[in-house]
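Line by line, the protein sequences give chains A and B. So that you can map any letter, position 176 of the first sequence is 176 in the working numbering, and since no number is skipped, the others follow by simple counting. So that you can map any letter, position 298 of the second sequence is 298 in the working numbering, and since no number is skipped, the others follow by simple counting.
Take these hints with a grain of salt, some might be off.
Identical copies go unnamed one by one, so any copy, or any two together, can satisfy a pair.
Unchecked claim - Calculated pairs, EDC-like style, for lysine to aspartate or glutamate (alpha carbon to alpha carbon, straight line, at most 20 angstroms):
hint, residue 1, residue 2
1, Lys-29, Glu-182
2, Lys-35, Glu-209
3, Lys-29, Asp-99
4, Lys-29, Asp-39
5, Lys-35, Glu-182
6, Lys-35, Asp-202
7, Lys-303, Asp-254
8, Lys-56, Asp-95
9, Lys-56, Asp-254
Rather than coming from a laboratory, the hints here were simulated on the basis of the structure.
Protein chains: 2
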Amino acid sequence: MTRTSVAPTSLLEFARESDPVLRALLEEKVSAAAKLPVDLTPAFGALRDYVLRGGKRLRGALCLLGCAAGGGARHEAFTAAIGLELFHAYLLVHDDFMDRDEERRGGPTLHVSFARPEGVTRAAKTVSDVSVATASAHAAGSLAILFGSLCQAWALEQILAAPVAPPRALAASRLVARALAEVTLGQALDVAAPLAHSLARDAALRIEELKTGSYTFALPLELGALLAGASDATRGALANYALPLGKAFQIADDLLGTFGAPEQTGKSAGNDLREGKRTLLVLHALEFATPADRALLLSGLGKHDLDEAGIEALRGVLRRSGAEEFARAESERLCAQAEAALESKSIPTAVGAELRAIARYSVRRAS
Amino acid sequence: MTRTSVAPTSLLEFARESDPVLRALLEEKVSAAAKLPVDLTPAFGALRDYVLRGGKRLRGALCLLGCAAGGGARHEAFTAAIGLELFHAYLLVHDDFMDRDEERRGGPTLHVSFARPEGVTRAAKTVSDVSVATASAHAAGSLAILFGSLCQAWALEQILAAPVAPPRALAASRLVARALAEVTLGQALDVAAPLAHSLARDAALRIEELKTGSYTFALPLELGALLAGASDATRGALANYALPLGKAFQIADDLLGTFGAPEQTGKSAGNDLREGKRTLLVLHALEFATPADRALLLSGLGKHDLDEAGIEALRGVLRRSGAEEFARAESERLCAQAEAALESKSIPTAVGAELRAIARYSVRRAS
Chain A
1 MTRTSVAPTS LLEFARESDP VLRALLEEKV SAAAKLPVDL TPAFGALRDY VLRGGKRLRG
61 ALCLLGCAAG GGARHEAFTA AIGLELFHAY LLVHDDFMDR DEERRGGPTL HVSFARPEGV
121 TRAAKTVSDV SVATASAHAA GSLAILFGSL CQAWALEQIL AAPVAPPRAL AASRLVARAL
181 AEVTLGQALD VAAPLAHSLA RDAALRIEEL KTGSYTFALP LELGALLAGA SDATRGALAN
241 YALPLGKAFQ IADDLLGTFG APEQTGKSAG NDLREGKRTL LVLHALEFAT PADRALLLSG
301 LGKHDLDEAG IEALRGVLRR SGAEEFARAE SERLCAQAEA ALESKSIPTA VGAELRAIAR
361 YSVRRAS
Chain B
1 MTRTSVAPTS LLEFARESDP VLRALLEEKV SAAAKLPVDL TPAFGALRDY VLRGGKRLRG
61 ALCLLGCAAG GGARHEAFTA AIGLELFHAY LLVHDDFMDR DEERRGGPTL HVSFARPEGV
121 TRAAKTVSDV SVATASAHAA GSLAILFGSL CQAWALEQIL AAPVAPPRAL AASRLVARAL
181 AEVTLGQALD VAAPLAHSLA RDAALRIEEL KTGSYTFALP LELGALLAGA SDATRGALAN
241 YALPLGKAFQ IADDLLGTFG APEQTGKSAG NDLREGKRTL LVLHALEFAT PADRALLLSG
301 LGKHDLDEAG IEALRGVLRR SGAEEFARAE SERLCAQAEA ALESKSIPTA VGAELRAIAR
361 YSVRRAS
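Isolated chain A (complex conformation) (with noise of 0.2 angstroms):
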């Protein structure tokens, strides 16, 4: 099948409606950060950067898909799928300080730019003997975890503050706070994984699912529905497509991170090779690769300096062991799982329309 660069409409059209929304808000917060005691308005500028760099705006827009599916109108869901790209802000900002990456969607993550000469706050240029002290690396990562909760908060005010009546707002706002202990969960699992002498496949799928399967399509979608007051029904089939897509995701995600092109993912490759990421392509060659070829990529997994080269050999492994080939399979069919979902009389044939061709573009994507 081919891969696409091509977003299906209604991502599109979300994120033409949202990205001036967002840079005014992002704009508003840089303008106050100069009124500060301390003068904030470089860290401000780099945190407005990083979220309107790109990034597929597919939560918000499943958000008001999500709303349209229960009969709502776009305007009572449009705050909180803005929040909800907050939302996913934050959790890549403390993502990225996690993982240590030092590129996201193209540019610097938070707690490099921070790291950089003046990266946080200004010289005082009528001080001749001023000099602004560079942030360690420990204040550079301590102010990005805070950058990144700011992110949160507002996204927190976006999703309260949606024009619906207070019972509706209040049964979408407490979704989104157990989708908040729920999505941080699965990142702890995940920084700790590590320290656990093995992981079972299951395992390794269930803390990706909690990670991001979940908070990427059944929370945005839930969340809408519950805005527009949407049937059990509605909601049900929401649900049903949501949660095979969430996995598929994922899998999309990890065969991106190994065999995508960097200058379509805006990350590097093989990324999450050097992590030692658990993704399901090495746990499936794990098992099925041949001896000597499981222990070339034990080797080499989890390496941090490992060289293209080095890269090249493991994505041999993932090839030949058949992990590749499963991978892309196994999305496929959770996509035409996730498909079958939208055949339920209760969700509308346009917005199934546009959900049939969100899933496709989730598996098939090439960034």
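Given the coordinates of chain A, assemble chain B onto it according to the supplied hints.
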């Protein structure tokens, strides 16, 4: 005036009532942790101990009093009061990591616990060659951040679960989201302040206010009042009490952090000086000390390896410059201002009496 360790009745009552609730909530998490794909029992156990190991339970008690001031029933604000204690734990855990503090409430901070062997997960006893890896400092720090964030998610769940009419629960939650943004920004300013060359006294006080003052008094009281549907007059009177008292509390904290007895405060005295914190004490001394004393203070401030004799020399500067005396007088003045706000007819007499006791305890406490 005399130091006191005896807390006001409302604090003792709330501690008695909330401790079993917090314990049950955390025990449930510990039990669930054993069933996760990676057994996180030790990590959740450390979190439970951290949360339950004391604390004044000031914020929760104030939330209940805010509710009582507005004519609400105790149970209407109780989940939110529990939520504020979890929210406080979240901020402390992140703060400990950022300040690299090793001790809190007389025990290890989370990032310190997590860096110990088997501090996060347990060795699988069934596999003979298994040894559980010790978390690197970076992984231990990341996990501390995540376990702090878990407390925050649970805090939101508790606050959103308040058994009041949805519009009230929603208004209360919006307040919390705003406060979350404010306190996060305060913490970011605190971390960034050493990067700026100099910091004016007003700027330093403003940062402390953002970071601690507002969420300790103003937030809990206003939260309780909103849940009760309090009148504007009552909310105004509570704010007039909370604002000066937040500042007074912070000054008392600074005094304890420098002159307090570690066996009572649960953290080592002098750490504020070792960290180079720009407290009111330090800022006053820098302004009014003799040139020699000023030089002595600047030479020691921010030295992480300062021994007890070095700390005592700096304390001498704070005493001789009049900074200690000034800080004590200032906290008393602000406390009196807070007490005056309680004369308002919009505050029921019994609630006013409790808030008065809390004001005095807050500035004269020994821990």
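*Which hint numbers doesn't this structure obey?*
Result: hint 3 breaks, nothing else.
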